[in-house]
Amino acid sequence: MKILVEDVQYIAKLAKLSFSEEQAKKMAMEFESILTHFESIDKFDLSDIHLDLYSEALQPVLRKDETAVFPDKEKLFQNVKSMSDTSIMVPKILE
Amino acid sequence: MKIESMTAHEIRSGLIEKRFTAEAVVAACFERIRQAEPKIDAYLTLCEADAMAQARSIDERIERGEVPGKLAGVPIAVKDNICTDGIKTTCASKILYDFIPPYDATVAKKLKDADAILIGKTNMDEFAMGSSTENSGFKRTRNPWDLERVPGGSSGGSAAAVAAGTVPLALGSDTGGSIRQPAAFCGVVGLKPTYGLVSRFGLIAFGSSLDQIGPFAGTVKDSALLLEAIQGEDPLDSTSVKHAVREDYLSGIEEGVKGMRIGIPVEFFQAGLDSEIAAAIQESIERLKAMGAIVEEMSLPITVEGLSAYYIISSAEASSNLARFDGIRYGYRPEAFENLEELMEKSRSEAFGAEVKRRIMLGTYALSSGYYDAYYNRAQKLRSKIREQFREAFQRFDLILSPVSPVLPFKSGEKSSDPIEMYLADIYTININLAGLPALSMPCGFSAGGLPIGLQIIGPHFGEDRILKAAYALEQELGLPDRKPAI
Chain W
214 MKILVEDVQY IAKLAKLSFS EEQAKKMAME FESILTHFES IDKFDLSDIH LDLYSEALQP
274 VLRKDETAVF PDKEKLFQNV KSMSDTSIMV PKILE
Chain P
99 MKIESMTAHE IRSGLIEKRF TAEAVVAACF ERIRQAEPKI DAYLTLCEAD AMAQARSIDE
159 RIERGEVPGK LAGVPIAVKD NICTDGIKTT CASKILYDFI PPYDATVAKK LKDADAILIG
219 KTNMDEFAMG SSTENSGFKR TRNPWDLERV PGGSSGGSAA AVAAGTVPLA LGSDTGGSIR
279 QPAAFCGVVG LKPTYGLVSR FGLIAFGSSL DQIGPFAGTV KDSALLLEAI QGEDPLDSTS
339 VKHAVREDYL SGIEEGVKGM RIGIPVEFFQ AGLDSEIAAA IQESIERLKA MGAIVEEMSL
399 PITVEGLSAY YIISSAEASS NLARFDGIRY GYRPEAFENL EELMEKSRSE AFGAEVKRRI
459 MLGTYALSSG YYDAYYNRAQ KLRSKIREQF REAFQRFDLI LSPVSPVLPF KSGEKSSDPI
519 EMYLADIYTI NINLAGLPAL SMPCGFSAGG LPIGLQIIGP HFGEDRILKA AYALEQELGL
579 PDRKPAI
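Chains W and P, in that order, give the protein sequences. Per our numbering, numbering through the first sequence is continuous, rising by one, with the last residue being 308. Per our numbering, numbering through the second sequence is continuous, rising by one, with the last residue being 585.
Honestly, the hints are just simulated from the structure, not real lab data. Even glycine gets a Cβ: it sits at the ideal position worked out from N, Cα and C. Be aware that one or more of the hints could be misleading.
Said to hold, decoys possible - Quick look at which bits of chain W chain P covers, simulated, 3 or more residues with Cβ under 8 Å:
{"#": "1", "region": "222 to 234"}
{"#": "2", "region": "249 to 261"}
{"#": "3", "region": "279 to 290"}
{"#": "4", "region": "295 to 305"}
As the list claims (entries may be wrong) - Calculated pairs, DSS-like style, for lysine-lysine (alpha carbon to alpha carbon, straight line, at most 25 Å):
{"#": "5", "chain 1": "W", "residue 1": "Lys288", "chain 2": "P", "residue 2": "Lys207"}
{"#": "6", "chain 1": "P", "residue 1": "Lys513", "chain 2": "W", "residue 2": "Lys239"}
{"#": "7", "chain 1": "P", "residue 1": "Lys137", "chain 2": "P", "residue 2": "Lys192"}
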């Protein structure tokens, strides 16, 4: 399967990554070789397999949606790079 | 005290019988680390002060007559993708270079409850993506048996830490072979438990439907002991098993293999398997037969193709799991950025390594509009076929025996330029993760060049007791744990 540099750049945009032209060329070549390998799945007839994620055998496992206070706020926010009072600061999103 | 030749069982009983103190054990452990670590580089963080304080507290409790936990005073290393409260947890990634978790993973809490002593956090392939630990964002770990060779991966630091005798136990995680393959490369015992047997809460996710935490040890009995301490239901992990499972993996471990039906999948012994590995496994098969096991050839037709399904599913899950790393709440943040979009893109592009980016890209592609059915959906269907294949096999056999890796530990840099060649190193381990089965890797011999050779014992879901029984019998027969690398 042919992968173009433009395909790589489009996927990179979705993945929030950026690549130089040179890196994107290299990735396009690697992608082609990996995707060719992935084609080995095509030799199986999988039409009789129906993926039923909500099988009757599965029981709901969700906990009750209850709020709880984290005991140590200082510890909780120790990794944040910039804060104002109790809020995490991010760049402006509205001009 | 020679910590490098002591088992966890010997350490615990020595403490209870007051033959030595936990403080002496930890001191010996760090002495060994100072000797071995400059050559091996297995650790990313060492916790000497905390370990000594914990050892003193255990000694005081023993002195007061208290009965300490199951792993009392046993030094343990933990892979750096398992959260440890107040101790840096980086996943060997620059994106988490300064991340200090505000909580313990359930397994880390269980280790504390069992009175194990955390010695340090171990090196790994970044976000557990790799088979050589060469993808670490920080340093290269060397194989204690040959310093020019890789320790395997992704839990290469944990395997090397045990093999070098710096700790008797370690924890790793296994998404496609990341416990079993480094265990084989370093000549130690590595167990990937059944999916759901050990809580994943606090394990920084790679492929959530495949990831499983498990033990590294120098012996099969130590492996069983650590499994006992970490297994069990956890309300914080909705995929942990709900029904009561076995809590004791040691009683009955000496029962032997007489009458056990063991299957040998022919597809695992075809072209591509190193001849020395094939010969060592054949020798183990003969020993098992001599001990009374019924060994027969069988077929697992879907083997190579599982690799494709694995790389599609694991990359898809990784692309979703790693979307949380954006430079906002924690982790690496670039110095200059104009807006939110640029902050996220630069954080991720500057801090993720090449292999992590490759997997995120593959996963994003496989999940993108127009390709979902062709890749992700088909891979899930093949996964369901692979599960069925194993279900049928375990109607005829108690266990399946195979190689762990098609190749011996390779030299650093030998495979890192070709992703496909590196991915092929996982060929015998990935299908086990796709099926959620338990499997153990144990040493079964050495190559002519003195490199360890691993053997894989695969069991049915929750068949860890059966696996450990066979592994213990074989270990006693082969007598390999006494052979240690010269460091």
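How the hints compare with the structure:
Only residues whose beta carbon comes within less than 8 Å of a beta carbon in chain P count, and the region 222 to 234 of chain W has 8; three or more means the coverage holds. With a threshold of 8 Å between beta carbons, the proposed coverage of the region 249 to 261 of chain W by chain P holds, since 9 of its residues qualify and at least three are required. Counting residues of the region 279 to 290 of chain W whose CB falls under 8 Å from any CB of chain P gives 4; the rule of at least 3 is met. Proximity of the region 295 to 305 of chain W to chain P, defined as three or more residues with a beta carbon under 8 Å from a beta carbon of that chain, is established by the 4 residues found.
With a C-alpha separation of about 17 Å, the suggested pairing of W/Lys288 with P/Lys207 holds against the 25 Å cut-off. For the hint linking P/Lys513 to W/Lys239, the alpha-carbon distance of about 17 Å falls within 25 Å, and the restraint holds. Distance restraint check for P/Lys137 and P/Lys192: the Cα-Cα separation of roughly 23 Å lies within the 25 Å cut-off, and the hinted pair is therefore satisfied.
Hint compliance for this structure: no hint is broken.
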